[in-house]
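In case you want the letters, here they are:
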Amino acid sequence: MNSDKYDFVISIGGAAGQGIAAPGDVLAWIFVRRGLHLYTYNAYQSIIRGGHIFLTFRVSTEKVYNHGDKTDLLICLNQDTMDRHLKHMEPGSWVIYNSDTIKPGEAQDGVELCGIPVKELSDNNRNKLVQNTGALGVCMHILGLDFGILEDILTKQFIRKGQTVVDENIGVARAACDYAVANFTPCSEAIPEGEKPQAWWSGNEALAMGGACAGVKFYAAYPMSPATGVLHWMAKYARDLGIMVRQVEDEIGVATMAIGAAATGTRAMCATSGGGFALMTEAVGSAGMMEIPVVMINVQRAGPSTGVPTKTEQGDLWQMLGASQGDFPRIIVAPKDALDAFNTVPELFNLVDRYQCPGIIISDLLISEGRSSVDPDDINFHPNIDLGELITKHSTNGDEYLRYKNTESGISPRAVPGLKGYVHVMATDEQDEDGVLISDEFTNPVKRRMMVEKRGRKMQDIFEHVAAPEIEGPKEADVTLVGWGSTYGVIHEAVEQLKTEGITANHLPIKWIVPFHVKEIMEILSNCKKVIMVENNYSGQFYRYMRSETGLNVDTHIRKYDGEPFMPHQVTNGVKEILDGETEVFVPEHKIMV
Amino acid sequence: MVTDTAVQEAERTVTKLKAKDFNGKVDPDWCPGCGDFGVLSSLQKACVDLELHPHEILTVSGIGCSSNFPGFFNSYGMHTLHGRALPFATGAKLANHELTVIVTGGDGDGYGIGGNHFTHLARRNVDLTYIVMNNQIYGLTVGQTSPTSEFGMKTKSTPFGSLETPLNPITAAIMNGATFVARGYSADPKGLTDLLCQAIQHKGFSLVDVFSPCVTFNKDNTYDWFKPRVKKLEDEEHDFHDWKAACEQALVWGEKIYYGKFFQVEKKPTLNDLEPVLNEGGPICFRELGLAKEQAKKLLEDMM
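These protein sequence lines are chains V and W, in that order. If you count by the numbering used here, then the first sequence holds residues 14 to 607, one letter each, in order. If you count by the numbering used here, then the second sequence holds residues 13 to 316, one letter each, in order.
Bear in mind the hints are in silico, worked out from the structure with no lab data behind them. A portion of the hints provided could be inaccurate.
Claimed, not checked - In silico PhoX-like links for lysine-lysine, alpha-carbon gap of 25 Å or less:
no., chain 1, residue 1, chain 2, residue 2
1, W, Lys309, V, Lys406
2, V, Lys100, V, Lys76
3, W, Lys309, V, Lys76
4, V, Lys209, W, Lys305
5, V, Lys169, W, Lys310
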């Protein structure tokens with residue numbers, strides 16, 4: 014607990030199949046409906062039954078940027094969780110467990126061990142999930158919540174299964190709550206109420222919803238963690254929202270099908286992770302050559318190859334930069350959190366429609382599978398939609414139409430198939446303004462150069478449409494932390510932590526990868542005292558990209574590539590060690606075994 | 013909606029198109045004598061017979077000699093990636109189901125590198141027509157073995173003879189669920205025109221695999237080789253509703269090789285028919301973008 018604001022972290026640990034999600038959802042609904050802010054991170058494995066799942070909730074009266082540094086209340090659903098996590102529990106924390114089946118081991122002084130005799134409290138109920146409900150009852154007491162809140166939610170959750178199930182669950186929860194009242198010390202500060210109820214979503218849901226709001230009418234995918242959540246949302250809402258959703262045989266088919274749909278003037282999108290994106294790669298170039306706007310999402314996971322499918326990393330940057338052979342304009346953007354991801358989708362669609370090129374969103378497991386609260390008033394369901402120079406009406410004059418007209422802007426008005434007077438061929442071969450190939454029989458260096466330059470200059474005014482990165486925090490600082498994408502939330506908090514330790518830090522989060530704001534970034538960083546690059550990969554992919562674009566050399570880095578996201582204190586410690594001259598590349602040790 | 017059916021119908025009756033109206037911007041650059049010429053002229057005639065107009069058609073191809081087709085044919089076209097014509101075409105057809113979508117390509121493109129898509133397109137039954145100009149060789153890469161090259165065939169990549177058994181496109185398509193499966197012969201343009209008309213009119217995925225000899229690189233399966241062997245299936249009292257008979261006839265390969273319509277299921281709903289999103293409102297590509305207020309309200313409710 015932080016002294017000046019309510020900041021409380023609950024973790025639930027167990028094996029896959031033990032039903033962690035259900036009590037997790039119950040708690041989340043309680044918090045957001047109470048108007049509290051929430052951030053959850055689920056550490057899990059690629060296994061359907063077994064393994065170790067560790068779901069962390071951080072609740073606060075203020076916006077929560079990450080899952081935090083420690084756990085205040087641990088719920089152990091099995092012995093393994095107790096063995097892994099008890100040693101990290103600090104004084105003033107609680108550990109809830111089923112004392113019939115779990116032995117606590119040795120805890121630090123001041124850790125309250127809350128063993129609950131589940132068998133006795135549940136009249137020997139043999140359902141293994143009953144301990145989860147019991148734990149929720151104990152939570153009510155420790156958090157200082159009225160039991161009626163839990164009763165309402167359990168009723169709603171179980172009513173489909175009949176009144177008996179409802180009564181059974183409420184009975185166990187109440188018995189466990191009463192037992193807690195008699196035996197355990199509650200938190201000194203009861204959980205407060207926020208201003209108004211919050212909504213909550215995962216990053217994948219935000220990406221999908223962003224697509225729906227942008228007017229996506231065609232979504233194709235092949236299941237792949239951690240991007241599958243986008244497919245699930247799209248499939249669930251497809252019929253209500255009039256979105257064609259297709260699960261395709263492979264990611265090659267996914268990307269090409271999306272581009273085929275986009276060729277008709279439809280807003281089309283697809284999402285995958287790095288391995289799937291590898292298959293989509295050739296299609297990226299086809300959209301570049303045929304000048305068809307499409308949005309592709311790469312939700313990064315720890316690679317290379319199959320890698321660690323359920324863990325996070327920022328290791329695909331160069332893959333996105335180099336996706337597809339040849340030299341053509343593309344847009345690449347890395348949103349910082351779920352809300353930013355939501356807003357980025359329509360923004361990117363407007364850009365790719367304007368510039369008739371492929372656009373890539375780089376997310377990662379942390380953003381996409383992390384669930385967070387969002388102020389409902391911050392969600393703009395009706396963003397501006399700009400289709401660029403798109404022709405959707407029959408021609409009324411007999412003028413010759415040149416699909417790839419060599420205009421001054423490089424952008425050629427795009428007519429869609431089905432219209433009279435605009436018949437043309439789009440080709441992945443190099444082609445003349447009228448769509449006739451200049452790749453085979455009629456190769457022509459003059460025309461080839463003209464077409465390369467036409468495509469190349471399309472994005473010349475793009476900086477007018479994308480926001481330049483800005484320093485967050487004090488203008489003058491001892492140290493500037495540079496990050497991109499999902500590290501935003503953790504660096505944000507590290508800056509605050511450093512302040513309490515007497516170190517003035519600020520933060521330069523970079524979202525737009527292509528186009529890259531070279532001028533602005535150089536201006537900012539050349540005036541900084543000390544720059545540290547923070548990224549979730551081994552080789553400093555973003556640093557190397559920034560250096561290649563700006564020529565700026567940065568010699569201090571904080572990197573992490575163990576599969577788990579940064580925790581704020583890890584960045585803070587890294588800054589301190591670097592400033593103390595102990596290291597130039599700090600790699601935190603991740604002590605929690607998940 | 014851009015399509016104005018009444019006006020179109022009126023125009024159709026006064027402007028009957030000719031085959032040359034379907035000539036593309038450039039003449040074909042195929043080798044003299046290439047079987048693909050016969051396929052091009054047959055498709056042009058079929059489009060005339062079906063009273064289609066160039067702007068109503070989208071031809072989609074992959075890469076290869078025969079995949080240059082869209083450039084030689086007057087319609088909307090997409091000349092896409094090697095092996096990927098079918099998924100590109102599927103996306104286009106689902107996004108604008110009013111288009112007549114015709115996919116053109118070769119045996120390497122469709123059955124080799126694109127084999128996975130071929131399998132799934134057949135079972136998906138999207139309403140499009142797939143014309144494969146099957147010359148049993150890779151032509152544009154100057155003569156290597158293809159998925160339909162015969163066992164023992166000597167090519168630049170199999171100088172001592174191919175050790176692999178060829179794929180039979182007809183049985184493969186039938187087993188994968190295609191609802192119209194035919195084999196054409198480019199030296200019988202009249203028969204091919206008729207097959208293409210039927211295939212385009214068929215509701216669902218139609219495959220027309222066409223023997224389209226490569227006069228430059230395939231010295232085995234030449235016109236002279238085919239001529240005494242090819243027999244019209246329609247002369248054999250074949251029941252094209254009988255998939256077993258269709259497969260049996262398709263496997264006949266030697267002194268006799270049948271061509272014609274092997275198999276058809278007329279009434280199976282297409283993916284376009286089954287997809288509720290297409291029930292009303294016209295092609296999705298011309299629909300209003302963005303969410304209605306009620307839709308947004310529902311989404312928010314689900315999140316709170």
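Against the structure, the hints come out as follows:
1. W:Lys309 with V:Lys406: Distance of about 32 Å is beyond 25 Å: violated.
2. V:Lys100 with V:Lys76: Violated - the C-alpha atoms of Lys76 (chain V) and Lys100 (chain V) are around 29 Å apart, more than 25 Å.
3. W:Lys309 with V:Lys76: holds, 23 Å
4. V:Lys209 with W:Lys305: holds, 21 Å
5. V:Lys169 with W:Lys310: Distance ~19 Å between Lys169 (chain V) and Lys310 (chain W) Cα, so the pair holds.
Hints 1, 2 from the earlier list are contradicted by this structure; the remaining hints agree with it.
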